[in-house]
Structure formats: C-alpha cells, structure tokens
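Protein chains in written order, with this note's numbering: chain W, 1 to 314; chain F, 1001 to 1256.
Take these hints with a grain of salt, some might be off.
What the hints assert, rightly or not - Listed below are several chain F residues computed to face chain W (Cβ distance under 7 angstroms; list not exhaustive):
#1 Cys1084
#2 Gln1091
#3 Gly1176
Because the hints were derived from the structure by calculation, they are not lab data.
Since the structure is predicted, the reported quantities are computational estimates derived from the model, not experimental observations.
Glycine included, every Cβ here is placed at the ideal spot set by N, Cα and C.
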Amino acid sequence: MAAPLLQPPDIEGFRRWLRRHKNRDLTPKLMTEREAVRRFVRDGDYVGFELYGTVRCPLSVVREIVRQGKKRLRLAGQGLIDVDLLVAAGLVEAMDLTYVGYEAYGLSAVLRRACEAGGLRLAEWSNGALAWRMKAAAMGVPFLPARSMLGTDTFRRSAAKRIRDPFTGMTLAALPALILDCGVVHVHRADVYGNCQLDGITGFALEMARASKRLIISAEEIVDTDEIRRKPEKTAIPFYLVDAVVHAPFGSHPGETCYLYERDEPHIRDYLKAAATEEGMKSYLKRWIHSARDHRDYLKMVGRERLERLRTKR
Amino acid sequence: MSRVQYSAAEMLACLAARQMKGRTTVFIGTGVPMLAAALAKRLYAPELLPVFEFGGIGSTLDRLPLGVGESRTFDRAFAALGLCDVMETAQRGLIEEGFLGGAQIDPFGNLNTTAIGRYRRPSVRLPGSGGGNEVASLCWSTIILMRHERKRFVPRVDFLTSPGYLGGPHGRRRAGLPEDTGPRLVITDLCFFDFEPNSKRLRLAALNPGVGVEDVERETGFPFCVAARLARNAPPTPRELRLLRRQIDPGGVFRR
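Use the sequences and the hints to build the structure in full.
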C-alpha cells in the first residue's frame, strides 16, 4: 500500500551534479521569467514552489510554466493557487501531497476534480515531513529520522519507512531525502548574482534552495551587491545555489509578500469562484495567464492603481 | 438568563479560548483555533505564546490571520523563524498544547483531513495533513475542535491522517510516538469529551447550554461512556461575543 518514491534520493548523484553544474564564479544571472523557465524547467521534472500559494509564492514563475506548457511534472504539493494552476492546466502527473486547500476559504475544487476522477499519482506527507525531506537533501544525507506520521494512514500512503534507532531502540520514521530537479523561491531582494535576502518567516526557503539541482529565484527587488554586503547575515540563499534571478515585483500576486503588499482578496475570491467549475478554471487560465505575454503584462491587466492599494501601510 | 444568540463556531472559539491559560506555548492551526487564540490573548491569557507552523512565534494576534503562513502570524512577534524550526521545537517537547480540527473523528480521537470515501477514488478529497500530523504527534497534548455531526463522529475514520490514541491505550507507544502525549479534550458545539484513562476512548465530560445527553448520542456515530460528574459549560459571555464580532473577526471569516 505504501506509495512509491516519486523522486529517488540519489545523494551521490546529487553531489556530482552540484559539483559539475553549480557555478561558483560570480556570474550575472538576471533574466526574464521566459528564459529562466525555458532553460531550467524541463518536461518530466520534479519541481517545488516556496512558501505557499497566497504567501510569498513565486506565482509569476508558476504562470510562466503554465504558459510554456511544461509537461508530466512531479510536484512537492504544499500549496494553494500554485498547485491549482499547474494541475488545472494538466501539467502535473504526480504529487508528494501535504496540503492543498484554501484554509479560511475551504477545499481546492481543482484538487477535488483531479483526485475524485482518479488521475493523479499521489503520496501523502505532513508539512514537517516534506520540509525535513528537503532538509535531508540539504544536509547531503539520504534520509532523516523523525517522530511524526507514525501509526497513521498518512504514513502508510507515504514512502517513509519505519526504522529502529541503533542507539536507543526507538521506532522512528525514516524520511527519504527530497532532491528537486528545479526549485523556485520568491524573495524580497536579490542581487544579479543570486545573493538573496528574505524578510519575515523563512518557511522552508532555506531547505528548498539547498535541495534543488536547479534553482530559480524571483525577487521583488534587484539590489546592488553592496547592499547585500552591508548585511551579509541577512543572506539566506548565497549566489552559488542559484541558477536564475528574475525580477518580479508583485510576483506573489494575488498572494501577499510580508511588509510589501497584502493579499488581493477580491482577486482570490474571484479565482475561487472560477475554480469551482472546469469551464470557469479554463477561462481563468486563458484570461490571466495565456492572454498575458509575461508578468509585466499580467500586472498591467491587474492595474497599477489596484496594486498600489495593496501596498502594506507601515 | 437572557437568550444570547451565537453560532457554533463562536461557541467553539469561546470554549477553546477558556482552555488557553497563562504563558503556554500553543500550536495554532487554521480556522477556529485562530479565533480562540486571539480571544484568549485579549481575555484570559495575555502572555499566551501562539506558535504557527511556518515560523511565526508570539504574534500579538491584533489582526486575525487567514492562513498559517501569513504575515499576521508574526505581527509584532518575538521571532519569525521557519517551518523546520517550529516542528523541531515541537519534537523537542517545547510546545505544550496544540489546537486542531478535522472532517472526521473516531472514538480514539484519530482525525481525518485527507479523504472521505475510498482513498483512491474519494467522494471528497480533503486538503491533506498539512501540519496537523505534527501537531497531533509532537505536542504534549492536543485539543480537538469539531462541529458535532453524526457524519463526523464515526466508528472508524475513512483515512487516519493525524493520530489520537490510534488503536487504544498502547497505540501511540507501539507506533513510536513520543511518550505521555495525546489528545486531552474534544470540544464541540454540543459538549466536551475527555478521554477515559484506561480505554483512551472519548468520554462525555460536559454539556453545552441547552444540550442533553440524548442530543449528543443522536449526533455521535458510536457509543461513549459518560463521566460520573457531568459538568455544564457556560455559554459565550456578551464580552466574548463582542470581542469576536467587533474586534477579532468583524468580517465573519471563521465565525459563521
């Protein structure tokens, strides 16, 4: 009954891959969403997006992936609108699922349609387990032991295994390392080399950045390297982890990015109304993704005045 | 006594808020637990330390969060950390009590938030565990908040997402979960259940205003025993309701 591992924890391969592909020279990596997705997301990839749908989420990159129609994606499924858009566009083949829903606003109609029709390959996890799996990859070890998920159907429908601790004899859940083919993280500021600084909670940004073979950063603001160097302790993701830097102001719209802008509640409500039916969802994708050439175009469609009203008042 | 009107969610929020005491670390899930924590901070436990799974530690809860990762979960907080840190803090034993809910609950306090019906072709696909499994596995105790309906109180959950006492008194130990942990209370819009110490099954402990044992029986899909001394919960006070409606959730996001 255990779910298959959607992405095997090939730690030796990961080391070799990082050594060969991660450029440790200071190279400018600033590029458009289109170029970043074209170069670093492939059909069949295992991908993940931090933090989640309505919170500091790289939705401009998600929308570009939908625009380019990347196929047969496998997904770290901790999300809301991010997961919805990809699933509704028919781009997702399998998911390590921990939570897909709208909290205050209820269930995801898109996930419901996909699961109730039986079309998705799923493994179940908890939020802690999925983050610890990325942490294992970040540590360069094939698994981490944990004390959650034990005894439940969540465990039975995951790919975790029960192990006995050789020191104490305790029973633990062994969580296999999760190595992403491509991770995408939205940050407050980055320089052109990919030195990234975040404000507020860090969610699982640090773990995902270090668990990804390829890493796309979208940033609210591109800053001078001198600004990064003034507060190096704020750098959560150093340049040598990063493959692409995309400038994406309001990149998390209709979600929030803390201290900068709030959720666009009317847009989220309209989205949920649209998502309630397959036709509604199709027209949402058409209107907000396929009709826009790029993120700048999307922001124009949302409207400058509306975006200005969302800015956090401090 | 005047008849004050209130919703089921308001009743749950008030009853849960009264359970949050002193300077305790509480793990807050999405929904009614947020209302309860916001109410508790204003009325019963100003020094309560709410912890949210994506890293918010000690928010003032001046503004009601709509989600567990939102900026409101770290409004003027002591710390804004990350998901692993919070879950590891719970795993180390530093989080006293967790508050969570579910679509289904069984006699041992096991919760389903994953799927109704058969897993592979569910009749309703629910969101999944989220942080619920860690809250239920790793906090010293948990308080479960439920709408009391027969379809929710079932002999066997369709999918066991987050652990109560699993199969009975030794379930958690056998599974390898931390010792001396587990749910201590189920709060519903009809009553309180605690857990009978030997069987670890739900036991009716208190009734809400205007509710009789037979009302609880009608809405519960399995037999339960009744405490020798059945307590009576006080209804929401005008002060609690005023705070919930005017200050905490004027838009009625979670209250309705």
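Hints the structure fails to honour = none
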